[in-house]
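Undergrad: Residue numbers (numbering that gives the first Met the number 0), protein chains in the order written: chain L, 0 to 172; chain H, 0 to 412.
FYI, nobody ran anything at the bench for these hints, they're computed from the structure. Among the hints, a few may not be true.
As the list claims (entries may be wrong) - Straight-line Cα separation of at most 30 Å, DSS-like style, residue types lysine-lysine; simulated pairs:
(1) K155(H) <-> K128(H)
(2) K128(H) <-> K250(H)
(3) K266(H) <-> K313(H)
(4) K310(H) <-> K266(H)
(5) K93(H) <-> K150(L)
(6) K229(H) <-> K250(H)
(7) K128(H) <-> K68(H)
(8) K250(H) <-> K150(L)
(9) K128(H) <-> K150(L)
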Amino acid sequence: MSVLDANFRRELEVHRYPMLVYALVPLAALVLQAWLPRVLGRYAWFDLPVVITVYFALGRPTPIQGTIMGAAMGIFEDALSHHAIGINGVAKTVVGFLAASVGTRIDVENHTIRLILNFILSLVSGAMYVFVYRILLGLDLEWTWFTELFKAIGNSVIAVVLFPALDRLQIRD
Amino acid sequence: MESFFGRYRDLVVLLAILLAQVIGLAVQVRHTAGGQNSFDPQDESGVRLIRLWANSIVSPPERLIHGAKLGSGSLWLDYLDLRHVRQQNQDLQKTIDRLRLEQAALLEDARQGQRLQALVAFQQKYIYKTVAAQAIGSSGSDQSRVFYIDKGANYKLARDMAVITPDGIVGKIRDVFPNSAQVLAIDDQTSGAGVILETTRTRGILRGNALGQPQIVGILADNRIQPGEKVLTAGGDLIFPRGLPVGVVEKVARDPERENFIDVIVKPAAHLDRLDEVLVITATAPSFSSQQQQDLTDSESLMGAEAAAIKEQKKASEIMAERLPGLKDPNAPVVNPAANPGSAQPGQNPPPPPIPELGQPKMLHPQHPDRFTPGTAAEIPTDTSAAPTPDAPDAKPDPKQANPQQSPPRRNP
Chain L
0 MSVLDANFRR
10 ELEVHRYPML
20 VYALVPLAAL
30 VLQAWLPRVL
40 GRYAWFDLPV
50 VITVYFALGR
60 PTPIQGTIMG
70 AAMGIFEDAL
80 SHHAIGINGV
90 AKTVVGFLAA
100 SVGTRIDVEN
110 HTIRLILNFI
120 LSLVSGAMYV
130 FVYRILLGLD
140 LEWTWFTELF
150 KAIGNSVIAV
160 VLFPALDRLQ
170 IRD
Chain H
0 MESFFGRYRD
10 LVVLLAILLA
20 QVIGLAVQVR
30 HTAGGQNSFD
40 PQDESGVRLI
50 RLWANSIVSP
60 PERLIHGAKL
70 GSGSLWLDYL
80 DLRHVRQQNQ
90 DLQKTIDRLR
100 LEQAALLEDA
110 RQGQRLQALV
120 AFQQKYIYKT
130 VAAQAIGSSG
140 SDQSRVFYID
150 KGANYKLARD
160 MAVITPDGIV
170 GKIRDVFPNS
180 AQVLAIDDQT
190 SGAGVILETT
200 RTRGILRGNA
210 LGQPQIVGIL
220 ADNRIQPGEK
230 VLTAGGDLIF
240 PRGLPVGVVE
250 KVARDPEREN
260 FIDVIVKPAA
270 HLDRLDEVLV
280 ITATAPSFSS
290 QQQQDLTDSE
300 SLMGAEAAAI
310 KEQKKASEIM
320 AERLPGLKDP
330 NAPVVNPAAN
340 PGSAQPGQNP
350 PPPPIPELGQ
360 PKMLHPQHPD
370 RFTPGTAAEI
380 PTDTSAAPTP
390 DAPDAKPDPK
400 QANPQQSPPR
410 RNP
């Protein structure tokens, strides 16, 4: 099974996209994340910036790009909230780094792997958010674990649908 | 050294980015006097700049999407689905006419109330000027329940202005950008609004919980607080005017952290999840628009005409009363009960004091007197208390007393 064949992935499965995709897809994710909750109300159980961070981090050969992308997406999300800038930034930086690190070691073309990865990394993102908010900053925050669970499930479902669509935008040799 | 960075380059970059963000976070958090940490309510210039950039990037697409949504909806509603519109227009026009008259009367009452409140130096705020705005986006995070509206500093919006809907309060403006503003909703954990329960008059602070439900915290356990009770703004927070609807009590739960305290979960009156149009209260100083002034003038003129008609009617009745023959003999001797105390029956009220003759109209002597003519001694009743007086022209004589033959016999004690 080629799931853990890291060298194979490093050589052959580096995803490349037009620059426009790198610019517009994260922007679209941020805009939709800001707009859809106005439509869906409290049933907006997803975090599109996490999904996009995981997607682009998985396809890159080094964790640095995933780390930077996660940091940028997180800081952007923080800027739209009324919280301190950096809480989501730290959480998604870690997610981007982990996704890129894992992506160099396993076969991320498998839908089941993608679904599980998104589920786990979404939970990691939520846990990092709570850790930074409550432990690092010492602020009061009420949170419910099942909201994070629903969000992780929502991210996984979106990833299963969205990743193949984004794969079509790759630059093929 | 070079090989160290080359070998651990990924980790070094990760740690550098994390460290930079942690330092940035430390700058933005303040340690309060109460021993708790909190966000700096006023963003520093660098942080504000980042927020401004993010808002500038996200707002235009959000406006586009929101406009497209409104446009597609209005295409159907404004051009296709027009059945019964003419009849509805007529009904609405009648309703407007009626409401304008009612509003004029209410404005008069409001103005009178303000005068009275000014007298007692009661600082009550009234909503007199609002700006309508559309909700175009949100933070995207359920931990940060803020949303953005499409009006900003260009419409003279400012921080801490109250945001409401006709149903109830929504939140307050937290940050203002040139063409948009960030509104902190009342269901956010960091929000705070002074509220009062309508029936029990219990005051508390409203803020959101983890599930996004507004709840009143810090209330001592009280069995009188029951689901369904209305919650209104208390006006003490200097943001929301007093008496605006907030919602109704949904349930009462024990405070998990403090004994003998309860949390009152409130079902908000405004639909916080589905906000489209909101109103920002931009002025609370008493002032009336030109239309309201016109309505007030109309009201006063209407009220003046009505009062003049009533006065004219009263005057006519007085004239008629004067022209009718009186049953009191102006020439009869005045009975002074004080001079004859034994005339009053025991157990009965003393007769009314005599009417002073000064100021009584003098009646002309009739040319052809008959038995009904005042002044005929045989027909004058002995009791003068029922005679109409100039002070009470509408008073009618008691028929029993006017005809003493039909009155029941008195018993002597």
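Undergrad: Hint by hint, say whether it matches the structure.
TA: Hint-by-hint comparison with the structure:
Restraint check for K155(H) and K128(H): the C-alpha separation of about 12 Å stays at or below 30 Å, so the hint holds. For the given pair, K128(H) sits about 35 Å from K250(H) by alpha-carbon distance, which is inconsistent with the 30 Å threshold. With a CA separation close to 54 Å, the supplied pair K266(H) and K313(H) exceeds the 30 Å bound. In summary, the hint linking K310(H) to K266(H) is not supported, as the alpha carbons are separated by about 52 Å, beyond the 30 Å threshold.
Taken as a hint, the K93(H) and K150(L) pair is broken in the structure, with Cα atoms around 51 Å apart against an allowance of 30 Å. Between the alpha carbons of K229(H) and K250(H) the distance comes to roughly 12 Å, so the proposed pair stays at or under 30 Å and holds. The hinted pair formed by K128(H) and K68(H) meets the criterion: a straight-line CA distance of about 28 Å does not exceed 30 Å. For the hint linking K250(H) to K150(L), the alpha-carbon distance of about 27 Å falls within 30 Å, and the restraint holds.
Proposed proximity of K128(H) and K150(L) is contradicted: the alpha carbons are some 41 Å apart, above 30 Å.
The earlier numbered hints that this structure contradicts are 2, 3, 4, 5, 9.
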